[in-house]
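As numbered in our numbering, residues 9 to 261 make up the sequence shown, in order.
Hints may contain errors.
To be verified - Restricting the straight-line Cα-Cα distance to at most 30 Å, the calculated cross-link-like pairs of lysine-lysine (BS3-like) are: (1) K222 - K183; (2) K257 - K155; (3) K91 - K69; (4) K183 - K91; (5) K155 - K91; (6) K62 - K100; (7) K248 - K202; (8) K233 - K222; (9) K155 - K100; (10) K248 - K183; (11) K202 - K155; (12) K100 - K69; (13) K257 - K233; (14) K256 - K222; (15) K202 - K233; (16) K105 - K196; (17) K196 - K155; (18) K62 - K29; (19) K105 - K29; (20) K183 - K100.
Said to hold, decoys possible - Pair ranges (Cβ atoms, derived): (21) P162 - T230: 22 to 32 Å; (22) D70 - S110: 18 to 28 Å; (23) R22 - R158: 21 to 31 Å; (24) N45 - G145: 34 to 44 Å; (25) T238 - D166: 17 to 27 Å; (26) G50 - N180: 41 to 51 Å; (27) R158 - E185: 12 to 22 Å; (28) K196 - L148: 41 to 51 Å; (29) D104 - P162: 45 to 55 Å.
Just so you know, the hints here were simulated from the structure itself, not pulled from any lab data. Heads up, the beta-carbon is just placed ideally off N, CA and C, and yes, glycines get one too.
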Amino acid sequence: MGGCSFDVNEDHWRSADSFVKQSQYLRAIEEYTRIVNYEQRGPMGVRAQEEIAKIYSVHLKDYLRAIRAYRDVYHRSDENETKMRARWEIAKLYGDKLGNFSASAEEYGILYRENLWNPQDGPQILLEWGRALMDAGQFLDAAERFKEYRANYPGSADGPRALLEEAQAYLNSEKTELAISSFQEAIKQFAGRKGYESLVAEAYYGLGLSLEGKDDLAGALTAFKSGLTTYPNPRVIELKIDRLERRKKERKL
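With the hints as constraints, model all of the structure from the sequences given.
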């Protein structure tokens with residue numbers, strides 16, 4: 009009986025694959041759904057449910073149905089890797105496709121707590137969680153995630169960028185002193201090191217913005233000028249410098 013069921017599911021799988029190649033996506037979903045109904049929580053059923061989610065996401069652009077399908081994958085599967093992959097897709101769909109960054113951040117938070125033991129994927133999940141929090145406007149929470157990343161994964165290749173993002177999160181949350189300290193730390197650590205020129209320039213720009221927010225025009229000018237030659241878009245810095253120099257002259261009048 010089990011062999012017969014397997015053969016039937018293989019037939020449905022071949023039919024579904026054929027329908028996908030013909031761009032008959034709804035018919036492919038019907039075939040994959042038959043496999044899901046046969047298998048329930050079995051490996052082939054979980055794989056079929058993943059294919060349904062991919063069709064909704066990639067081909068039909070129906071992201072809410074894709075999210076529901078991935079949730080079904082998550083609940084059906086007993087494998088940690090599959091569950092992680094499904095929730096990660098949900099988090100990305102919320103953020104990248106639906107612009108619901110709060111929901112995306114919530115998914116990344118659950119994903120990280122479920123996989124913080126995972127040395128391969130845990131660090132990237134934590135970074136994505138911080139970035140989703142930034143996009144959601146939850147800047148202090150984002151800063152904590154970037155700080156946690158640097159503490160938990162010292163020496164990581166993404167550590168310098170996480171420090172800069174932490175500083176930007178403090179700046180966005182108007183925690184000016186913390187922002188200044190973090191930008192200065194980035195400059196101290198990476199100034200003069202090959203490959204970090206752009207990052208240091210961004211740190212100088214952030215430092216300039218922070219000092220300008222404190223009305224320290226001289227300090228802001230020094231910071232902006234320090235990062236001018238290596239900033240990715242120097243025209244932005246030039247406009248800042250021109251405006252601050254005019255402000256300084258007006259104060260002397």
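How the hints compare with the structure:
1. At roughly 11 Å between alpha-carbon atoms, K222 and K183 fall within 30 Å of each other, so this suggested pair holds.
2. For the hint pairing K257 with K155, the CA-to-CA distance comes to about 40 Å; that exceeds 30 Å, so the pair is violated.
3. Restraint check: the Cα-Cα separation between K91 and K69 comes to about 22 Å, which is no more than 30 Å; the hinted pair holds.
4. Pair hint K183 plus K91 does not hold up; C-alpha atoms about 37 Å apart against a cutoff of 30 Å.
5. Between K155 and K91 the CA atoms are separated by roughly 27 Å; this keeps the pair inside 30 Å, and the hint holds.
6. Among the hinted pairs, K62 with K100 is consistent with the structure: their alpha-carbon atoms are about 13 Å apart, no more than 30 Å.
7. A hinted pair counts as satisfied when its Cα atoms are at most 30 Å apart, and K248 with K202 qualifies at roughly 26 Å.
8. Restraint check for K233 and K222: satisfied, since their Cα atoms lie roughly 18 Å apart, inside the 30 Å limit.
9. For the hint linking K155 to K100, the alpha-carbon distance of about 22 Å falls within 30 Å, and the restraint holds.
10. Of the supplied pair hints, the one linking K248 and K183 holds, its CA atoms being roughly 21 Å apart against a limit of 30 Å.
11. Our distance criterion of 30 Å between C-alpha atoms is met by K202 and K155, whose separation comes to about 24 Å.
12. Restraint check: the Cα-Cα separation between K100 and K69 comes to about 14 Å, which is no more than 30 Å; the hinted pair holds.
13. Annotation: proposed proximity of K257 to K233 holds, straight-line Cα distance about 17 Å (limit 30 Å).
14. For the proposed pair K256 and K222, the alpha carbon gap of about 14 Å is at most 30 Å, so the pair holds.
15. Distance check on the hinted pair: K202 and K233 sit about 20 Å apart at the alpha-carbon level, within 30 Å; holds.
16. The straight-line distance between the Cα atoms of K105 and K196 is roughly 38 Å, outside the 30 Å bound, and the hint therefore fails.
17. Taking the CA atoms of K196 and K155, the gap is near 17 Å; set against the 30 Å cutoff, the hint holds.
18. At roughly 14 Å between alpha-carbon atoms, K62 and K29 fall within 30 Å of each other, so this suggested pair holds.
19. Among the hinted pairs, K105 with K29 is consistent with the structure: their alpha-carbon atoms are about 24 Å apart, no more than 30 Å.
20. Note on K183 and K100: the hinted pairing holds, with a Cα-Cα distance of about 29 Å set against a maximum of 30 Å.
21. About 31 Å separates the C-beta atoms of P162 and T230, a value consistent with the hinted range of 22 to 32 Å.
22. For D70 paired with S110, a C-beta distance near 21 Å keeps the hint of 18 to 28 Å intact.
23. Checked against the hint of 21 to 31 Å, the C-beta distance between R22 and R158 comes to roughly 50 Å, which is inconsistent with it.
24. Checking the proposed 34 to 44 Å range against N45 and G145 shows it holds: the Cβ atoms sit about 42 Å from each other.
25. Checking the proposed 17 to 27 Å range against T238 and D166 shows it holds: the Cβ atoms sit about 20 Å from each other.
26. Restraint check, G50 to N180: a C-beta distance of roughly 47 Å satisfies the suggested window 41 to 51 Å.
27. The given range of 12 to 22 Å is respected by R158 and E185, whose C-beta atoms sit roughly 19 Å from each other.
28. Separated by about 23 Å at the C-beta atoms, K196 and L148 break the suggested range of 41 to 51 Å.
29. A beta carbon spacing of about 29 Å between D104 and P162 contradicts the range 45 to 55 Å that was offered as a hint.
The structure is inconsistent with the numbered hints 2, 4, 16, 23, 28, 29, although it conforms to all the rest.
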